[in-house]
Amino acid sequence: MANNNTVLIKIKRQNGPDSKSYWEEFEIPYRPGMNVISALMDIALNPTTRQGKATTPITYESNCLEEVCGSCAMRINGRVRMACSALIDNLEKPVRLEPLSKFPVVRDLTVDRSVLFENLKRVKAWVPIDGSYDLGSGPRLLPEDQEAAYPLSRCISCCCCMEACPQFNESTGFVGAATISQVRLFNTHPTGKALKRERLSALMGDGGIHECGYAQNCVEVCPKDIPLTRSISEVGREVMKQAIGDLFRK
Amino acid sequence: MASVSSTAPVAGSKASARAHSGVAPLRAGQGHSFFWRRLHSLSGIFPIGAFLVEHFFSNAFATNGAAAYNENVRFLTGLPFVFFLELFFIWIPIAYHAGYGFYIWYRGETNVGDYPWTGNWLYTTQRWTGAIAFFYMGWHVWSMRFNGVHLLTNSAAAFWKVQNEFHHPWAVAFYFVGIIAASWHFGYGLWLFAAKWGFFTGESARRKFGVVCLLVAVVFITVGTATMVAFLTSPQVAPPAEISTGAQIP
Chain A
2 MANNNTVLIK IKRQNGPDSK SYWEEFEIPY RPGMNVISAL MDIALNPTTR
52 QGKATTPITY ESNCLEEVCG SCAMRINGRV RMACSALIDN LEKPVRLEPL
102 SKFPVVRDLT VDRSVLFENL KRVKAWVPID GSYDLGSGPR LLPEDQEAAY
152 PLSRCISCCC CMEACPQFNE STGFVGAATI SQVRLFNTHP TGKALKRERL
202 SALMGDGGIH ECGYAQNCVE VCPKDIPLTR SISEVGREVM KQAIGDLFRK
Chain B
9 MASVSSTAPV AGSKASARAH SGVAPLRAGQ GHSFFWRRLH SLSGIFPIGA
59 FLVEHFFSNA FATNGAAAYN ENVRFLTGLP FVFFLELFFI WIPIAYHAGY
109 GFYIWYRGET NVGDYPWTGN WLYTTQRWTG AIAFFYMGWH VWSMRFNGVH
159 LLTNSAAAFW KVQNEFHHPW AVAFYFVGII AASWHFGYGL WLFAAKWGFF
209 TGESARRKFG VVCLLVAVVF ITVGTATMVA FLTSPQVAPP AEISTGAQIP
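Protein chains in written order, with this note's numbering: chain A, 2 to 251; chain B, 9 to 258.
Mixed in with the good hints there might be a few duds.
In silico lysine-lysine, DSSO-like type, Cα no more than 30 Å apart, as pairs [stated by the list, open to error]: (1) A:Lys125 with A:Lys11; (2) A:Lys125 with A:Lys21; (3) B:Lys216 with A:Lys225; (4) A:Lys54 with A:Lys122; (5) B:Lys216 with A:Lys125; (6) A:Lys11 with A:Lys21.
DEER-style ranges, computed between Cβ atoms [as the list claims (entries may be wrong)]: (7) A:Ala150 with B:Val226: 21 to 27 Å; (8) B:Val219 with A:Glu171: 33 to 39 Å; (9) B:Thr126 with A:Ser158: 25 to 31 Å; (10) A:Ser138 with B:Trp129: 24 to 30 Å; (11) A:Leu143 with B:Ser212: 19 to 25 Å.
In short, the hints are calculated from the structure, not lab data. These figures come from a predicted structure and were not determined experimentally. Quick reminder that beta carbons are idealized off the backbone N, C-alpha and C, glycines included.
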């Protein structure tokens with residue numbers, strides 16, 4: 002075991018998308034206040050395994066280091082979370098680092114999360130303001146609506162909610178909580194709601210909102226404390242209203 | 009521990025190979041899974057939940073004695089169109105709910121090991137209680153409906169038949185487990201229905217309705233247990249004359 006002045010880290014590595022994964026152990030000097038990203042930086046300074054074998058630095062994504070960019074999501078001791086806010090002091094040792102399990106691995110801890118971008122496009126998660134002339138200022142938002150919308154707008158596309166979801170997998174092709182919550186955000190926007198019907202219809206397609214099993218892991222792991230289960234219920238209500246209404250109207 | 013070379017086979021490589029292709033994006037506008045999944049949800053409330061209420065209530069006539077119980081069975085078996093009532097309100101809905109339920113379970117990836125939270129445990133419990141209730145019902149229907157004295161034509165033998173079955177301690181235990189499983193599955197299913205269809209959307213509203221659903225499950229378990237106690241403590245009823253002369257009763 003590592004002594005008090007060092008930290009033992011086990012990392013699940015993979016050289017490329019088609020390679021097999023393997024584990025490597027690193028023992029790095031302990032520094033007060035260090036987090037998982039700073040530990041990965043320390044390994045990059047001296048990429049040598051605990052057994053003294055020279056190796057390559059760990060590939061991972063990170064940017065802001067303050068839990069707002071969403072890039073450094075990974076499984077730390079089996080549970081998905083942002084690496085930058087994972088303080089080594091608070092983690093069980095040895096620290097186990099693994100890439101997200103439900104996204105294609107690019108290399109080491111870097112995964113391809115483009116499915117979220119695709120999903121956001123398919124529900125038209127934007128405010129339609131394209132035009133060839135000045136549209137003027139938009140409608141005013143009531144403070145009450147702003148307060149409901151702001152938490153939803155904090156989504157950082159980290160995909161933690163999808164990784165932790167038992168229903169998000171290749172069998173269901175479930176869209177995941179983040180996209181459903183963005184539908185709620187843009188459907189409550191006074192200009193964005195122009196596309197409300199299309200967004201709700203999209204969520205009725207295969208892999209849509211109905212695949213949710215309400216395990217509620219999403220809301221537990223969300224680093225931005227977004228009320229994801231509430232969004233699923235609110236959007237679930239709108240989807241049902243539209244589906245049942247269409248039985249009579251269409 | 010020796011470091012593992014990059015070419016060595018690694019346990020769990022199946023998982024990484026599976027993750028390689030990744031989860032498919034939302035299939036907006038495609039498929040009919042929305043209808044079938046929502047029908048599964050609805051069928052659990054009506055008609056299956058409604059039948060469960062009727063079934064527990066009708067059987068509770070046992071607490072009023074053998075005569076009251078047999079009279080109730082005579083009433084139910086004498087309902088007009090009883091064949092179609094059973095077919096469309098019991099057999100087909102339960103067969104569909106169970107079949108699609110196992111399909112849902114098969115496609116989900118339970119992960120309470122890594123995410124041991126209440127909602128996630130309830131997600132897993134809903135699958136297990138559903139399966140237990142299903143296999144219990146399979147045995148229950150076989151032993152009460154298709155084996156031994158035929159109650160549709162011999163309603164006067166109903167109380168005696170249950171009492172006779174309760175001579176086996178394992179049957180009593182299986183009844184008790186079946187009652188708990190069905191009650192819990194219905195109580196939490198009611199909550200899931202309300203959360204997914206958007207009847208209760210806010211955190212506080214959902215939590216309060218959760219208490220209501222817990223009470224529903226407790227009431228079902230209590231009524232079911234009281235009914236069992238009535239069968240177990242009532243004086244032994246003699247089999248009706250036409251049965252006792254007829255041979256082979258298990």
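Hint numbers not upheld by this structure, sorted from lowest to highest: 1, 2, 4, 5, 7 and 10
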